[in-house]
Amino acid sequence: MITEIGHFALLLALALAVIQSTLPLVGAARGDPALMRTAIPAARGQLVFIAAAFAALTYAYVTSDFSVENVFENSHSAKPMLYKVAGVWGNHEGSMLLWVLILALFGAAVATFGANLAETLRARVLAVQGMIGVAFLLFIIATSNPFVRLDPAPADGSDLNPLLQDPGLAFHPPFLYLGYVGFSMAFAFAVAALIEGRVDAAWARWVRPWTLAAWMFLTVGIALGSWWAYYELGWGGWWFWDPVENASFMPWLAGTALIHSALVVERRDALKVWTILLAIIAFSLSLVGTFLVRSGVLTSVHAFAVDPARGVFILAILAVFVGGALVLYAWRAPALRSGGLFAPVSREGALVVNNLLLTVACAAVFIGTLYPLLLEALTGAKISVGAPFFDMTFAPIMVPLLFVMPFGPFLAWKRGDLVGTAQRLLLALAIAVFGTIAARAAAGADGPLLAPLGIGLGLWLVAGAVCEILWRARAFTAPAGETLRRLSSMPRAGWGAMLAHAGIGIVVLGITGVTAWKSEKVVQMQPGEAEDIAGFTVTFAGVAPRRGPNYSETVAGFEIHRAGEVIDAFESSKRLYDVQRMTTTEAGIITFYWGDLYVAIGDESDEGLTVRLWFNPLVPLIWFGAITMALGGLLSLSDRRLRIGAPRRARPAAPADAGAPA
Amino acid sequence: MRAAPILCGVLLALALAVGAAPAGAVNPDEILADPGLEARARDISSGLRCLVCQNQSIDDSEAPLARDLRILVRERLQAGDSDEAVVGFIVARYGEFVLLEPRLGPHTLLLWAAPAILIIIGVLVVFVSVRSRGTPRTAPLSKDEQRRLDAALEASER
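Protein chains in written order, with our numbering: chain C, 1 to 662; chain S, 663 to 820.
In isolation and in its complexed conformation, chain C is listed as follows (with noise of 0.2 Å):
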């Protein structure tokens, strides 16, 4: 019975969206303020609907109603309940609710905060809203139903495949999604704009901290991604250039270039035409990603027709929303004038390199993901585009971009002063210089050449980041206790852009110690054998069975010891899951400031244990960085210039104080 309301509840949905996206047009087309109030309760509306049917689909998986299909297909009675719940988006038609009821909860903030907006943007941007949902759900209702029931049902379920059953991966899907569904915010924005003719200082103002809410969701779902990757596929690897990470990636670097441009519009009043087209381009590529992973399309163009039903609708969706927009966009678009006049070297010229950087190595990310598929239904030829294509593109585009980096927030707006900001950056190149000489003589002469650069690099980057923070301090020039003053007064969106920028750096020291100074040993051990890496001693204690609730896992035990006594016990195991008949590697991992030791484990033979010990150098990093760039995001938001609502404070006499940066 629940399972029908829930399906109810979606068709109630798909009306009222349909209502969205069509009364509040005509209102704001023809002045009529009720026609355009329509949306706020229409949104309101959906958002309880969609709960309502995400309700329903959660409470048959937990109570393992194998009735349902999805259920069956992806669920087993045995599984922890974690799991259960995190199965509801672990599949494409749980997933696609799920997206859809992230998308309605941004219609309904816009519908309930948005009242400062004018009322014909506002309800032009619930409309766009209102349609992006009337396709999703759609697609749901007509080729992705969650709500199909089985008859007889089933004695128990199929299972979610093991390897999603991992909490790194339970979270990971909706961190994503917020992340694809904000830019959704951006877009609608941009077509709303289109269709007034109208760009400013305000619309900037409303768009930045929905993008940055998005960037922030989909640094922390990549990152996930990429932890999970680490500990899971039991190898360590953390990125693979997979169609499936390019996917969240290319959305990620489009937004990122939005972010910084959408500052230039609000502060500056130029690049508008630029930032609506990078708006649309940022949730065109959400689109394109959500659809790619959940089609199969990736593997083989043929798994588009495996389901042509599935695969036109999906064709249909991009045309109309990524095409649609594009004609907008080449109609109205010419339309906006962009005021704001500036001198290449200036904070605008600086953040249109960014811009052009960026969006030059999501371009050769997306050439690199398509260009197989494309070749294929072309020509029929079949080739792989992997690693070592995007780390020659992809590479060469960004490290002059992270070189110039830490220029950037230094330079003023309109004009900027080249040679003062090298001037101030000279401690940050003192410590890179020193970082580099450091890591050469520390890795010794036979060490890779070029990865003491990287840390170089790494190191450049952080130090730029805090020099730029105490350069607005005015540390060392002023008294101390006018610097105690400028630092507490500093916007928070001020931090937030510092901890941003160091948080890339700090990834790079991560990937550079990780690529350049990892040590490996796959060995095969009896019980009571040791053996050295990088300066542990790894000794086996020995292999025992364990029961877990749906599976049967072989677990080794190890100590490690340094110069002669144990400093830590840990274990590595190998699960075999009872339903699927999959085996997943639990890698044991033991992390010190300075890296990971890595232990896999393989089969077991008269010989003994085959066993991968790794040590990753600076691997933490990695994680640690992103979310430092994560946090950077949250500090923003909360800066009180930017936070929602917040009753206006009478402009400040002098914003001359250099300004806010991103």
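Hints are computed from structural coordinates only; laboratory data are not their basis.
Beta carbons: idealized from backbone N, C-alpha and C, even for Gly.
Hints are not guaranteed to be accurate.
[Claimed, not checked] Covered by chain S, per the in silico footprint, the following chain C stretches (three or more residues, Cβ under 8 Å):
| id | region |
| --- | --- |
| 1 | 352-363 |
| 2 | 378-388 |
| 3 | 519-531 |
[Claimed, not checked] Far from chain C, some chain S residues (derived; all Cβ distances over 12 Å):
| id | residue |
| --- | --- |
| 4 | E746 |
| 5 | A754 |
| 6 | K805 |
| 7 | E807 |
[Claimed, not checked] To give a feel for the contact side, a few chain C residues facing chain S, derived at Cβ under 7 Å:
| id | residue |
| --- | --- |
| 8 | W235 |
| 9 | I367 |
| 10 | Y371 |
Start from chain C and add chain S according to the hints.
Positioned in the frame of chain C, the structure of chain S alone reads:
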């Protein structure tokens, strides 16, 4: 600013090194006694795609087919083949799909050239839009104005 191209090379080389380093799925019984040969085998394996997996190299994959290919690569190396000959042997058997780094050819020219083309287009677009923005938008001189200007210039040159 001179450091930029050097640094550019840094990450590139770092990235290239990624493929060679991880131990992936190699089993102890597969490892060759000769460390030089084994290093070459690892290097080659990391560039070959496991055909039954999604986007994993045979060096990383635990699939039986990947193991067979790893052993095949090592056999060819032990038989004295050069790296190119080993890769050529595998490609002849399994097609170009097996290469994670697509070969440069007419069918991949666009792929390899795209990033450079995009950078050039991007720089041109920025340049042109900055130029057009920098020049104030004023109406061109009318014929009468032009004639008077020319006359004035002529007068001043005399």
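Okay, the hints, checked on the actual structure:
no.	hint	verdict
1	352-363	holds (count 5)
2	378-388	holds (count 9)
3	519-531	holds (count 5)
4	E746	16 Å, holds
5	A754	15 Å, holds
6	K805	29 Å, holds
7	E807	26 Å, holds
8	W235	5 Å, holds
9	I367	5 Å, holds
10	Y371	5 Å, holds
When held up to the earlier numbered hints, the structure conflicts with none and fits them all.
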